[in-house]
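Novice: So the sequence lines, in the order shown, correspond to chains X and P. Mapping of the first sequence onto the numbering used here: position 142 corresponds to residue 216, and the numbering continues sequentially without gaps. Mapping of the second sequence onto the numbering used here: position 46 corresponds to residue 38, and the numbering continues sequentially without gaps.
Hints may be right or wrong, so weigh each one.
Unchecked claim - Here are some, though not all, of the chain X residues that point toward chain P, as calculated from beta-carbon distances under 8 Å:
(1) Gln310
(2) Tyr314
(3) Thr316
(4) Ala320
(5) Val323
(6) Arg335
(7) Asn336
(8) Leu409
(9) Pro411
In short, the hints are calculated from the structure, not lab data. As the structure is a computational prediction, the values presented were derived from the model and not from experiment. Backbone N, C-alpha and C fix where the C-beta goes; we use that ideal spot for every residue, glycine too.
Listed below, chain by chain, are the residues.
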Amino acid sequence: MTTAALPRVPGDRDPRVSPLRRVTGSPALRLVGKRLLMAIPIMLGVTILTFWVLSLIPGNAAQQLLGAEASPEDVAQLEEQLGLNESGVSRYLSWLGNALHGDLGNSLVSRQPVSEILADRLPVTGELVLLAFVVSLLLAIPVALLAAHKPNGLMDRISMMISTLGLSVANYVLALLLVLVFAVTLGWLPAIGYVPLSDGLWANLKTMILPSAAIGLPLFCFYTRFLRGDLVDQLQQEEYVTTARAKGVGSWQVLLRHAFRNSSFGLITVVGLNLGALIGGTVIIEQIFALPGVGQMLLQAINTRDFVVVQAAVVIFALVAVLANLVVDLMYAVLDPRIRYGSR
Amino acid sequence: MRADRTTYATGDAYVSTGMIDSRAPAEAHRTPAAPGEPLLTVEDLRVQFTRGGRRINAVNGLSYEMVPGKLMAIIGESGSGKSVSSRALMGLLPGTATITGSIRFDGRELIGLDEKELRKLRGGDIAMVFQDPARSLNPTMKIGAQISEAVRAHADLDKKGVQARAVELLRLVRLPAPERRFHEYPHQLSGGMRQRVMIAIALAGEPRLLIADEATTALDVTTQAQIMELLVELRERLGMAVIMISHDLGLAASYAEDVVVMYAGRAVEHAPVRTLFSNVRMPYTRALLGAIPALEREPHSMLPVTPGQPPDMSALPQGCPFRPRCPNATDKCLEHPPFLEHEPDHWYACWHPAGTELDTAPEVTAAVAPATAAEAAHHSTAHDQGAAQ
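Hey, can you work out the whole structure from these sequences and the hints?
Specialist: Structure, rendered in structure tokens:
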């Protein structure tokens, strides 16, 4: 009458597994837990590195605030006031201690709490990145599908031409071109500035279209090329595509149900990797379009040696990168049953 | 008649879903070919691939005929064009392939059919089972969805009808617990079970010709035998013709009625299996038979090996493609030997067929007497299945 003697079929619950283990044994939950634990050393590493690099730049916040003409005594006094006279290690540790308690500190320059600054700035960058991603993906997926449906056909050639062009232009050059055409020549959209969402959706979108296009268009080109290539590979090399065709299934159905589903793994990976890099890319674009986002905040903080604010920005960027990768891994599990039911 | 067949096929477990009636009109055009009329006639089929400016002649004038209900084997080594020619039947070759010649299925020319007609043909009249079931099933789709897709492609049924039919197909190929397997993914099944699923998919459109392209090559020997038995049984139950493509002469000897031997993209010998093994004519076939390990062979003796390499398909030798490796070759072989029915039901393309007065082979090379070869082939399948090359 031992449980091991029961006939077992795959998919059945293993009676030998304890109830506790069954709850903690959910692969998705374990993945989330593991990743969040892994985020701790990543955050520590990133903040220590940033702190160290900032300390290598000549000058500190006190000098920047008082200007070049200030007397050494005034500077020393302000340094003491700001706690800059302490050693690097103790400054880092006290920052870390406060941060762990949820207090990211106050800006050295404006004395404003960092959490307040972030509350103002994060939505701007978030909207920018989100718009760029959504638009680039919404355009890239249908274009890549059309291109892959008839490789070397008209649609394929056109999309290839456009994407090659788009990929060879840096996003800040593209930004200036967009401003030149749509703001200066045509006058349709403002060249710079930001209107918050609370002042109306259209007013807000008008200020966001050009910046998000500057980020999104190269992404669109990249995703189109990537997805088109992957789809064509699937169609030509994978045996299950041949099986699907041999069933008498139509070519669009083969493309959508079989090739695209399996190509989406690659696309998700690339999008996830991009997201980390992209947040960095917003620094330049926000500067060009004078958007009050996290990127702009970071640049200003570096210029004023406002290490408290810099740290906050870096923590945010790293957190986004870690979360993006976590989401990608969870998406794999949703899309690929071999991972969902995988052992471990 | 179709209804009878289906009822019989699923035995006691058959549950009427009313789909037989709904399917009937769509299949009205499918009158079975008259007895004696060939189901499939391939004539001078040529397939050419262009890769980087180089032309590769994968199939070079393949011709054969097949009557309905036969189990025919197409045998050849890798690169002999056996797979490419069978994919040409279903229009499954990539756009880089140029196909010429004629493929008539039930009197209808298949070459030049448009995509819409090909789609009806694929999985409908002609279906295919591929070599590696691990790769030929979509890893991200449930078994049920993959079969249902095939059912839906050829029958206008509602969701319930499709599912019932899919489960019925799984039962037909003797997949254990079909209702549960329906909701599982390919990776949860064993290789043999996956190949059964592939066969179920192939049977979804009630094909009249099933092509099994190395369908048992990726399986272990026991499973291989089970799958072959299943194919033989299904052929009888469903009255369909089967082409098994294989490099395994022993396997062909134990299951096929007719054998087509391919070399360098064309048929070189075609005969009923008994005739082929008792009166082998083509020196290439003889060399293949000689290379089968047999129990009668002296222990630890070397297997006879055909010297040389299969020809480069982009630069075929003049005349008979086997000439450079053939012990019988003479100057006559520089001329292309026609593929003709030299003896009743026995086709071959050779100027110096073995065992005839035209045979020029020295006594030594004819090491394996034809009768022994046939025996050897049968023994090897019985005891040494899968080891044969």
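Novice: All hints, please: hold or fail.
Specialist: For each hint, the structure was consulted:
no. : hint   : verdict
1   : Gln310 : holds (6 Å)
2   : Tyr314 : holds (4 Å)
3   : Thr316 : holds (6 Å)
4   : Ala320 : holds (5 Å)
5   : Val323 : holds (5 Å)
6   : Arg335 : holds (5 Å)
7   : Asn336 : holds (6 Å)
8   : Leu409 : holds (6 Å)
9   : Pro411 : holds (4 Å)
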